[in-house]
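Novice: For chain A, the structure is supplied; the task is to place chain B on it using the hints.
Residues per chain are reported as follows:
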Amino acid sequence: MVEYKPQYYPGGSNVAANRRKYIDPNYKLRKLRTISDDDLVRLMGHRVPGEAYKSVHPPLEELGEPTCPIREIVEPTPGAKAGDRIRYIQFTDSVYFAPLTPYMRAWMGHMRYRGVDIGVLSGRVPLEARERDLEKVAKELVETEIFDPARVGIRGATVHGHALRLDENGLMFDALRRFQYDKNKGEVVYVKDQVGVPLDRPIYVGKPTPEEELRKITSQFRVDGEAFRNDKELIEFVQRIHMLRTEAGFDPNKVKDL
Amino acid sequence: MPKYPDKVNLYDDRGKLFETNVPVEALSPLKNTAIQKIIAYVKQCVAVNLEGVEKALATGEVGGKWCIIRGRSLKLDLVKNAGSVADSLKKCLQVDPDDDTEVKVLKGGKHLLVKVPAKRLNAGVEYTTGATAVAAALCCTIIENFNVNIWDADLVHAAVWGRYPQTMEMLGGNVSSLLAVPQQNEGMGYALRNIPCAHIALIAKKNAMNAAALSSILEQTAMFEMGDAIGSFERFHLLGLAYQGLNADNIVYDLVKENAKTGTLGDVVISTVKRALSDGVIKPLKKTPSGYTLYTTSDLNKWNAYAAAGLLAGTMITCGAARSMQHAPSVFIYFNDLLERETGLPGVDFGRVTGTGVEMSFFSHSIYGGGNPAVFHGNHIVTRHSKGFTIPCVAAAVALDAGTTIYTPERISGVVGEVLSEVPELRESLRYVNEAAVSIKGGV
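Keeping their order, the protein sequence lines are chains A and B. Quick note on numbering: the first sequence equals residues 1 to 258 in the working numbering. Quick note on numbering: the second sequence equals residues 1 to 444 in the working numbering.
Same shape as in the complex, but just chain A (with noise of 0.2 angstroms):
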């Protein structure tokens, strides 16, 4: 067999090169900020801190599971043994340099979590798990420097402002003015859970990162930073996979060696 080794994304380009390092499960991703359990829990707003898991379901212990041999295998996640809801947290991304495209967080997420759904929408990104399993990779992404805390949102509902110009103290637009900017702190502070409740003390989520630094780590291509028209590499790749699926649909037998 000849020598293989995961290469997670194509393109030549530095945003190419940023998209693999994010989705090889391999990179450790920078931790910028500590965020404590309990304001994680307060800002997701599924339960008080402290509060009890509710479930959805017995345990699996007690429910007896159904004879099944990849059951018999497939170790559940501790969340789904307990039984936990499902719950989510969801992002928007603005499209000014964010770190992260939606794409970005399900290539991602699907490589580093188990267990998880992911869905991409234009505007938001939820990832959904079993409540205790979400808090572990909710407390990655909102720790690391795929968070930029003025264009990366935690927005449960009304999620608008991922296209939007970015305000006087370069924050991404939130019509539920869930965070703000403390101009004393120079820190971007949550005044509201990613359903806009008003939670009893605010919570910083630190400094946004210089504009330089957010154009050399983005995921994302952007005609007035690295244009995709210009990673070539990148661009023959999609029209590679554009051309397979096309004359693999007249016929299968054709494609060879392609």
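Source of the hints: derived by calculation from the structure; they are not laboratory data. Take these hints with a grain of salt, some might be off.
Which stretches of chain A does chain B cover? Using the computed rule of at least three CB atoms under 8 angstroms from a CB of chain B, they are [said to hold, decoys possible]:
1. 9–23
2. 56–66
3. 127–139
Treat the numbers as computed from the prediction; the structure is a model and nothing was measured. Glycine is no exception: its CB is placed at the ideal position from the N, C-alpha and C atoms.
Specialist: Just chain B, lined up with the frame of chain A:
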């Protein structure tokens, strides 16, 4: 002489070798006697909810929920007399005294599993004979056995047939078949695809391997009926059925086992690529300036089959780890996205599974109504587009769910799934199809 050179090793649902070097055509719906039997049973087997008939007669609630005819009721002990009802029903349905008619009493008389004789179906052109013959025979049986008079006979008809013929199907009736009425099929040859995954998962008693196998058999057999699995595309579908649905060469089981404890969906993608490389299905084509290796294949049909097996394994890992069915559509999109980006080769069904996943995500996550994955089938408006490669994964996902949905598979399926799980060929289809393949392998 077989038409295609492919030979596969057959394995059971636990990854145990069953037989080596079996021509893939021995698994073809055109040749495999067990698949043909399964299709025959799908047409012949009908579920009767005798308890439902008794309740409908007692309350006058006939023809659907809240449709109650006040002042009309008949107290008949149908469940208590299920044995005699079954005997009379059998006699009524039989064409010859020793034909293949069967009526089995289940759950203490609450349900009946009826097998309509093949001769009745052979004498017509529509598969609806199964349901119509049983419904009509059941009416005659009840009227005769319980001396129902002319003034009450109409209530018996409504309790059994439901609101039909005011509705197209037997709305609120108590006789049901796996197959929907032909008017509900989206196009020609869709009948076998019009079976919700809830039924499939329950028939297989939530064994994910058997659920996927039965679903794949029904979907890929439908491909022959639809005009898809013929000519340039026959081998494409045969390999898909063998590798994805029937665990040929143990790929599905191996990929699941390899990632069972800690694997992510991405890990299954990588395992799939490794397996395709080590089996010589794909090979490096060239290196791009960035150092990325593009892969190619001289057998795209086989690559598709490997990718389809990987897709099922990825579903089993993701939905299995979360013990939740709702993750399935996300798997359909991103397994293929990641696989394409890993290799430079097209994903399962050449992009059609990805597209199906996008639609299914939308319609299974309360964004646009819809329902949970258990209601989906290959005839569904948002899941019809993949040619037999998506629905087996949905069936497996439903089988692996531990109870995360408001509408459970049991609630969606009603009595059909539970009753038809009594048919061994439907419940453990993988085993029967393997046995039949071995018995005919020399003759294909």
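Novice: Each hint: holds or not?
Specialist: Hints and how they fare:
{"no.": "1", "hint": "9–23", "result": "holds (count 7)"}
{"no.": "2", "hint": "56–66", "result": "holds (count 6)"}
{"no.": "3", "hint": "127–139", "result": "holds (count 4)"}
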